[in-house]
Amino acid sequence: MSAIQSARALLLTVGTGDIEKPEETLLAPLRKSMSQGHWGRIVLLPSKITSAMAHNLKVALPDLPIEVQPLPEAGQENDADACFGHFDGVLSALRAEGFTESSLLVDFTRGTKAMSAALVLAAVRHDVPRLRYITGERDVRGMVKPGTETISDIRTTVATGQKRFDMALQFFRRGNFAGILEILPPPQGPFADLWPHELRNLSALLRPIADFYSAWDRLDYKTAKAIQSFPSPDALPVPWRHFHPTRDMLDWVSTLSDPLPPESSKKASRLSLLCADLLANGERRVRDGQHEDAFIRAYRVLELVGQAHLFQRGLDSASLPPDHDALQKLKKKLENKRSASFGRNPDGTLTAAREQVARLLKDMGDPLGQRLIEMAGSGTIMISARNHSVLIHGFEATGPKDKESLKNLYGKLNDLLLDDGGEEARRRLAIARSLDFSTL
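Per this note's numbering, the very first residue in the sequence shown carries number 1; after that it's consecutive.
Since the hints were derived computationally from the structure, they do not count as laboratory data.
Possibly wrong hints are sitting among the right ones.
As the list claims (entries may be wrong) - 30 Å max Cα-Cα, derived DSS-like pairs, lysine-lysine: (1) 58 with 113; (2) 362 with 266; (3) 163 with 266; (4) 113 with 163; (5) 403 with 333.
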C-alpha cells in the first residue's frame, strides 16, 4: 500500500465566525478539529472573504500539512451548486491521488449553509463514511460559546449504504448481477464494519442471490448449482422478494449442470432445455445491446435444435456411423455438388456441421430439416455469416447492426422452439426467461 493510500485527509469549510472574535470563534475550533486525528493532508475550504484567514492559519501551523482551496469566485459561498462543484472537484482530486473514501473526513461546521450542505453532498457522492461537526453550548445568537466546543463525528453509511442498495435494485432489474457483487460489500470484507449492522445483514442476504444469477447468466451452471445458501423470502425487505430464486429456477440450473446423459433420447431432452436457456440468454443480450453476443447465441440455438433431433433418432452429430444409409446418400450428394462434406474422427466416425445436420434430417424425412435450412439461408437472419464473426473465425462483427433485426431473428427462433416442443417448450422458455427482471 502506498503512503497516500494509507494516509488520511481532513477537509474543513472556513467561515467568518464572530468577526470581533476570530480567534475564539473560528481559528481555535478549526485547530481543535485538526488536532483530532493524524492527517496526511488537511484541506481548508474558504470563500473569497475568508481566504486570508485560512492562509494565516496555514502560516501559523507550519508543521501541519495544510493546503488552502478557496472557492474560485466571490459570492459563491451562497451558491450551493457552485460550492458543490468546487468541493466535488477537490474530493475527486484527492481520490485520484490515491486517498480512499474511508480515509477521508469532512468537517462542515463553518461557512455558509450553502457551503455546509454542498460539502455534505459532495462527501456522500464520494461515499465518505464519516462527517464531522463541532457543536457546544450556544449563546443568544445561536453561536457556539468559545471553549464549549465538542467534536461529533457522524456516520454517512446509512445514506450511502441505502444509495448503494438503490443502485443494486436497479442492477437486479437490468441483469447486471456481477455489478451487484461489486457494489455490495462482502460481510467479512475490510470495510464491512463501516456499514450499519442492518445494511451488512441485508448485503449478506442478497450477495448469494446475485452470485447465483451471475453464474447462471454466464452459463456456468455448475457454479450456480453449488450456491445453496439462500435466505427465506420473508427475510428480505418487500422490494427484494421478487428476486428470490424459485424452486423452478433452482431445479432448472441443477439439471443443466449435470453431465450429459448417455442415452440419446435423454440427450435430446437436455438439449431442449439448453436451447431454451440460450434463447433467453440471447434475448437478454439483445436487451442490453450486445449484438454480436446475441447473434452467436442465435446460431447456437439453431445448431442445437438440429443436434437434438438427431439424438432423437439415435445419432450424434459428433460421432456418426459412416455406414448409415442416409449418411451415405447425403455424403455422395455433397461430393457430387462439391459442397463441404462430413468431417472424420480418428476412429472412422463422421462429424456433421449445422448445415449438414439440417440436410441429413431433411433426407431422413424430418420436417424440421427443411425449416432449419430455410432459416439459416434467410436474408433477414444471415445466420450463415456466423463463422466470419470476430468471435469465431473472422476479424469483424457480422451480426445485425440494429436491435430490430435481432428481435426478428429471436422471434423466429422462439416460434421454432414452440412449434417443435409445444406447451412443454413454452414452460421451458418461461423458466429460462425468469432471469429477466427488467419488467418489474
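Verification of the supplied hints:
no. : hint         : in the structure
1   : 58 with 113  : 24 Å, holds
2   : 362 with 266 : 22 Å, holds
3   : 163 with 266 : 48 Å, violated
4   : 113 with 163 : 24 Å, holds
5   : 403 with 333 : 38 Å, violated
In terms of the numbered hints stated before, the structure departs from hints 3, 5, listed from lowest to highest.
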